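Participant: Residue numbering for the sequence shown is 35 to 147, as defined by the working numbering.
One should not assume that every hint holds.
[Claimed, not checked] Now the in silico label distances, taken between C-beta atoms and shown as ranges:
1. Gly-75 - Cys-130: 13 to 21 Å
2. Phe-49 - Ser-106: 39 to 47 Å
3. Val-136 - Gly-68: 34 to 42 Å
4. Gly-138 - Gly-75: 57 to 65 Å
5. Gly-75 - Val-136: 13 to 21 Å
6. Lys-39 - Ser-86: 29 to 37 Å
7. Gly-124 - Arg-80: 53 to 61 Å
8. Gly-124 - Ala-97: 19 to 27 Å
Honestly, the hints are just simulated from the structure, not real lab data. Bear in mind the structure is a predicted one, so any value in this text is a computation, not a measurement. Positions of the beta carbon are idealized from the N, C-alpha and C atoms, including for glycine.
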Amino acid sequence: MEKSKIDIEEAAQGFAAIGSEARLAVVLALVRAGRAGLTVGDIQARTGMAASTLAHHLRFLAAGGLIAQEKSGRSVINRADFDRLKDLAGFILSQCCADEWVPGADQKDTTDG
């Protein structure tokens with residue numbers, strides 16, 4: 035597995051940004067929407083959050099680098115940062131099985147060879 039592109043501090047910040055049920059729901063809605071993203075109204079309709087609560091969570095997610103926001107006319111389009119999310123997943127998975135014990139792996143080869 036390839037080495038993660040982020041360090042533990044960046045990973046902690048990213049995971050903290052999605053560390054609430056509400057923010058995770060927003061990220062999931064944006065991931066489902068794909069690269070086109072969603073307006074604030076669309077996210078609100080999909081999550082059922084009040085506008086002020088949603089605005090708070092969007093600011094938190096943007097500050098954590100998990101979403102990008104782009105003004106389009108009178109709307110703001112919110113998109114999941116798929117590269118950042120892949121980096122977070124990769125950070126966790128890069129540690130997969132690192133300390134797993136494999137029977138016989140810690141024994142010396144005593145055969146004549």
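Participant: Broken hints, numbered, in rising order?
Facilitator: 1, 2, 5, 7
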